[in-house]
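> In case you want the letters, here they are:
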Amino acid sequence: MEEYPEELRTPPVALVSLVGCPELHTLISTHLHSEQPPINTLALPDFSKISIMAKTQKDTSASGQAAGILKRDWLLKHRTRVPAIVAALFSSDHVSGDPAQWLQVCTDLENLKALIRGRNIKLVLVVVVQSTSKHDISEDRMIALRKRAEVDSKYLINFVPNDALDLQQSLNRMGNTFAELANTYYRDEGRRIKMRLERKSFSSIELNIRYCFKVAVYAEFRRDWVEALRLYEDAYHVLREMIGTATRLPAIQRLVEIKTVAEQLHFKISTLLLHGGKVIEAITWFRQHNASYRRLVGAPEVIFLHWEWLSRQFLVFAELLETSSAITPSISFPVSGRADRLTEWELYSAYYYQLAAHYLKEKKSSLELALSMSEAEIDGMAESVVPAVYVGQFARLLEQGNTFSMQPLTDEDYIHYALAEGKRFQDSFEIIALVKKSFEMYSSSKAQRMASYCGFQMAREYFAESEFGNAKQLFDSVASLYRQEGWVTLLWEVLGYLRECSRRLGSVKDFIEYSLEMAALPVLPVAGVLSFSFKECGPAGPASLAQREIIHEEVFGLVRGQSSLASNEGNSSLKVTGDHPIHLEIDLVSPLRVVAATSNDQSVHRVETALVLSLVTNKWLRLTYDIKSEQSGKLECVSVIARMGPHFTICCRAESPASLNDLPLWKFEDRVETFPTKDPGLAFSGQKFTQVEEPDPLVDLKLVASGPALVGESFIVPVTVTSKGHAIHSGELKINLVDTRGGGLLSPREVEPSSSDNLHVELLGVSGLECEDESKPGMENIKKIQHSFGLISVPYLNVGDSWSCKLEIKWHRPKPVMLYVSLGYSSHSSEPSVQKVHVHKSLQIEGKTAVSISHRFMLPFRREPLLLSKIKPVLDSDQMPSLPLNETSILVVSAKNCTEVPLQLLSMSIEMEDDGSGRSCSLQHGGKDLIDPALLVPGEEFKKVFSVIPEVNVSNLEIGTVCLRWRRDSGPEEESGSNTAASEVLTKHRLPDVNVELSPLVVSLECPPHAILGNPFTYFIKIQNQTQLLQEIKLSLADSQSFVLSGYHNDTTFVLPKSEHILSYKLVPLASGSQQLPRVTVTAMRYSAGFQPSIAASTVFVFPSEPHFKMAHIMASPESIAVE
Amino acid sequence: MIVCVAVVGHQSFTEADDALKLHHIVHCSLDVVDERVNNPKKSGPLNESFLGLLCPPENYKVYGYLTNTKVKFILVTTDLDVRDADMRNFFRRFHSAYVDAVSNPFHVPAKKITSRTFAERVSTIVKSLG
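Going line by line, the protein sequences match chains A and B.
If you're matching positions, the first sequence starts at 384 in the working numbering and goes up one per residue.
If you're matching positions, the second sequence starts at 49 in the working numbering and goes up one per residue.
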């Protein structure tokens, strides 16, 4: 696009000429230029310069036949020399000055008028009013001036430069006037020529085109884009029709001219369409343009001109599209359905760049051909050829003394000229630049394959220019795509180039790699019907089996050091020698993976050297090695190194055939179905590593646990190691306790391992170690015991020997625990380096609570202290139990065996915490201590009764801690047999605190323990007032059917402070058996608390007659009765 | 004249019987197929296998066809004056030939089609279209 002249590339801008008053020109030009639309100015400092606008002498050809289509300078003329308006600037001093000045003004004006006469150029008068000479110009002078200039009054402008406001007004007025007049001028000019078109008053088809062009340009001046576009199109169509008919110039030059004009017209049309946002139309137009001119190749001698022209069409359109798509980014794709709808790429400028490069390449090759055919003759002939007056024409400039004249060229001369011109340009760089641009655009729009194709072309151009470094880099990136997609034919070609590049660059390693890859490419076996011409394919020749063989021979000759290849770099040759050994590493990303189809063997860290190998096509070579495993673990075949010739090695990673299936090229291998080993499963999946197991241990490790462990006891787990074929050297026993639910054996709050209180399960130690270490003092005896981990050494054991120890584990909380014991030993000698054999055992042990202790408080029988806290409504249910002060309460403690084994209960006591403040309550236990241990079978409960008398009135009374001593009952025979009886365990249970309070009233009922039918007895109700207050007591007694009673039923009495009120009733039992005594209800008015004894408390047994039994045995104490 | 017919599977390239340039054309046209499949909005809904013209008709016309299993058929013709209907018809017949070929129990999926019958059928279809 840059090679087009400026006036063609940019839209035309109206031109105004300023004459006179040069000091104001800059100001006015700047203002006009910033107008919308802008106006260009042709500034002439004084009137003597106006001849520049003078009409050039038109050399009308004699025959009336136009000599060309468009004049080269016509556009430029209208942009720089022919203004639409001439503005004559006069100073007001001159206008109103003395007659000499006035005369000068008139003369200038006359000259100007003479110049523009008959040319329709508009005249505007500007009188510059200097505000310093404030006196007004006389009206007469102004009118005279206007008359003289023959202009309308509105085209006489007073220009006031000195005042800012006035200046702005003057400028605005001037701008508006100019714009209006320019519009008129260009419209009139356009109309004038359009008239000729309409009347068809033109003598030749060239003039027709020229008129259309001119009208279009005038329309453009007026910014009438629609009209401009229409006329450009007209011109274009007329031009197209001219091709077959015109006879004016010699054939070659005629076509050149037409194409040049077409190019300009097309450029205008495309620009207008694209700027109007009609992208689709522009693309369609371009397509038509391309279609109608592509076949107009012209004479074969100058066919390169055609390609150059075509390339330029694409390039210019690409640039236009690129700039316009920057303005209007979103192009909506046209609705599909039309047969010739646009394809995606036509919307991308990358496509046009690519084709521009393509045609430039055509041009390059045809130019080379043309040059080679006429090599000798093209010197000096073209020197004096210059572009002629008309667009697209050339002429010889003849110098005759001081005058120049143009002489038309013959076609022959023109060809020489064109060839000489063509020689001057370096097309390769242009091609690379174009393709590169296209490549980048395709890459950025994720069209990888198109980008690769461009990259390939770029690389080929570099290759042709012998820039092998650049070429190789590009070819490499292209090859990776083709490899990945498995396009063999394309890959073959690229590799051929790459091979050649590395040969030229002297890179032996690359050369061998590429050659090997090529030699292994699964080229289609249709070698017979190859239609590739040799011209077309790369340096490697056509992809065929024969060619593969040639490459194969070549590369193997090279790697064996038998042959060498000539390289370009400094005459050195490619050679594999001792000085330059080559080592190829084939890893998982290398393209040579396919080549080195792997064999499935094993080699350890040490290198196994094979003898001379020969690989047969499509057969797997099996290599078998005997490997003695020395250590357990993973044994993997890492790589296979093949050596060819004295100085060449290939290192190949081991792979299985299955993993090769990911490679696209592998699919072309015909006979993957042949298996590398006989075992098809193994051959397919491949196994390049194996697990070396350690020898099976011939040692028994036994863990025995006798049921669940009980919390608190030291639980014994015997461990027995028995050798059954291996002698045990330097054995080591590792013990681990792991919480089965996870989370460690420590409570989460406490992590210090030192505080054993918070340890739930603890490994206490190992007992029962046989004292062999004394006999072998030299032996290293490790013994490390931690809370959940232990390490002890096992002495030497001969085959058949056994050794045992006992693990002591203590549970602090009920918790299941996994016990892991592992024995590591070496079976042969006591050398520490030798592989050890390990035996693992594990055992889950449940930890259980042995006894559960519960307790409850009871009040003495038939004695009811009034506890005020019980009257109040209790909100919280877990209120502390209340005990009456100085009264005896009963505490029953029961211990239940929760295990599944019988336990022996040794003792139960309550330990009071002596806090130094003296005894707060007295505690006695009834009955005796256990002399013999009590046997508690599973589920059985043991109860013991204590009486408690609180002596201090405190709200929180600590009762104490129940201490229970027990042990496992190991049966009578074991107990006698050995001293392994389970050790005593002390289980403590802290009793909760109680609330002690003074009861204001105590009601006790007294009656004999039994009654006899018909015998009267006395029933006492004693109400004891423990307060300092007078207590009003209400009393009522309900009748009972079983008794006859004397005394009053309802009463209200007062009990004096600190005294006792006794009510006595005489009762005669009427029925025998367990009888309900009359229910008494006592109500303390002060506390509004009522009391009624329980059914049990008011029941008495009535014998039918006097019983006869020994009363001495009864020893009735309230406690023993209270026990259920 | 139809100069090239190609079957392009997920990765493999199977059948073409002409020059390197055609390989390039077919390969590049896969970008267009990708573009159409990936951006159905831009190029209108993709509701049939026939993809139509893939590349701007420069020297060749390139037509595409995409099966449900994402196998692409690409046709390159020098005849710049072909009707879409003919192409549609061609691809339909070609598709059925392809289906028959890959239904061969001895054909390994995603590998090259080696069937001679398939080749013959393809040439018949190509010839019938001229």
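Keep in mind that the hints were calculated from the coordinates and are not lab data.
Just so you know, even glycine gets a beta-carbon here, dropped at the ideal spot from N, CA and C.
Careful: at least some of the hints might be erroneous.
Stated by the list, open to error - Heads up, simulated BS3-like pairs for lysine-lysine below, C-alpha to C-alpha not over 25 Å straight-line:
no.: 1; chain 1: A; residue 1: Lys1224; chain 2: A; residue 2: Lys1117
no.: 2; chain 1: B; residue 1: Lys175; chain 2: B; residue 2: Lys109
no.: 3; chain 1: A; residue 1: Lys1189; chain 2: A; residue 2: Lys1085
no.: 4; chain 1: A; residue 1: Lys1117; chain 2: A; residue 2: Lys1107
no.: 5; chain 1: B; residue 1: Lys175; chain 2: A; residue 2: Lys829
no.: 6; chain 1: B; residue 1: Lys69; chain 2: B; residue 2: Lys160
no.: 7; chain 1: B; residue 1: Lys109; chain 2: A; residue 2: Lys829
no.: 8; chain 1: A; residue 1: Lys829; chain 2: B; residue 2: Lys69
no.: 9; chain 1: A; residue 1: Lys1417; chain 2: A; residue 2: Lys1371
no.: 10; chain 1: B; residue 1: Lys69; chain 2: A; residue 2: Lys819
no.: 11; chain 1: A; residue 1: Lys1085; chain 2: A; residue 2: Lys892
no.: 12; chain 1: A; residue 1: Lys1417; chain 2: A; residue 2: Lys1193
Unchecked claim - Covered by chain A, according to a simulated footprint, are these stretches of chain B (three or more residues, beta-carbon under 8 Å):
no.: 13; stretch: 68-80
no.: 14; stretch: 103-113
Unchecked claim - Ranges between beta-carbon positions, derived for each pair:
no.: 15; chain 1: B; residue 1: Asn116; chain 2: A; residue 2: Pro420; range: 32 to 40 Å
no.: 16; chain 1: A; residue 1: Leu679; chain 2: B; residue 2: Lys175; range: 29 to 37 Å
no.: 17; chain 1: B; residue 1: Asp129; chain 2: A; residue 2: Leu679; range: 14 to 22 Å
> It remains to establish, for every hint, whether it holds in the given structure.
Going down the list of hints, with the structure as the test:
1. Of the supplied pair hints, the one linking Lys1224/A and Lys1117/A holds, its CA atoms being roughly 10 Å apart against a limit of 25 Å.
2. About 17 Å separates the Cα atoms of Lys175/B and Lys109/B, which keeps this hinted pair within 25 Å; it holds.
3. The hinted pair formed by Lys1189/A and Lys1085/A meets the criterion: a straight-line CA distance of about 11 Å does not exceed 25 Å.
4. The hinted pair formed by Lys1117/A and Lys1107/A meets the criterion: a straight-line CA distance of about 20 Å does not exceed 25 Å.
5. Simply put, Lys175/B and Lys829/A have alpha-carbon atoms about 36 Å apart, too far for the 25 Å limit, and the pair is violated.
6. Using a Cα cut-off of 25 Å, the hinted pair Lys69/B and Lys160/B holds, with the two alpha carbons roughly 21 Å apart.
7. Distance restraint check for Lys109/B and Lys829/A: the Cα-Cα separation of roughly 23 Å lies within the 25 Å cut-off, and the hinted pair is therefore satisfied.
8. Distance hint between Lys829/A and Lys69/B is fulfilled; the C-alpha atoms sit about 22 Å from each other, no more than 25 Å.
9. For the proposed pair Lys1417/A and Lys1371/A, the alpha carbon gap of about 47 Å is over 25 Å, so the pair is violated.
10. Proximity of Lys69/B to Lys819/A is assessed by CA-CA distance (about 20 Å); at most 25 Å being required, the pair is judged to hold.
11. Straight-line distance between C-alpha atoms of Lys1085/A and Lys892/A comes to about 64 Å, which puts the hinted pair past the 25 Å bound.
12. Only pairs whose Cα atoms come within 25 Å are accepted, and Lys1417/A paired with Lys1193/A is rejected, the gap being roughly 62 Å.
13. Taking a C-beta to C-beta cut-off of 8 Å, the stretch 68-80 of chain B contributes 9 residues in contact with chain A, enough for the three needed, and the coverage statement holds.
14. Counting residues of the stretch 103-113 of chain B whose CB lies closer than 8 Å to any CB of chain A gives 3, which reaches the minimum of 3, so the coverage claim holds.
15. Between Asn116/B and Pro420/A the beta carbon distance is about 58 Å. The supplied range of 32 to 40 Å is therefore violated.
16. Range check, Leu679/A to Lys175/B: Cβ separation about 33 Å, and the 29 to 37 Å hint holds.
17. For Asp129/B and Leu679/A, the hinted distance range of 14 to 22 Å is satisfied, since their beta carbons lie about 19 Å from each other.
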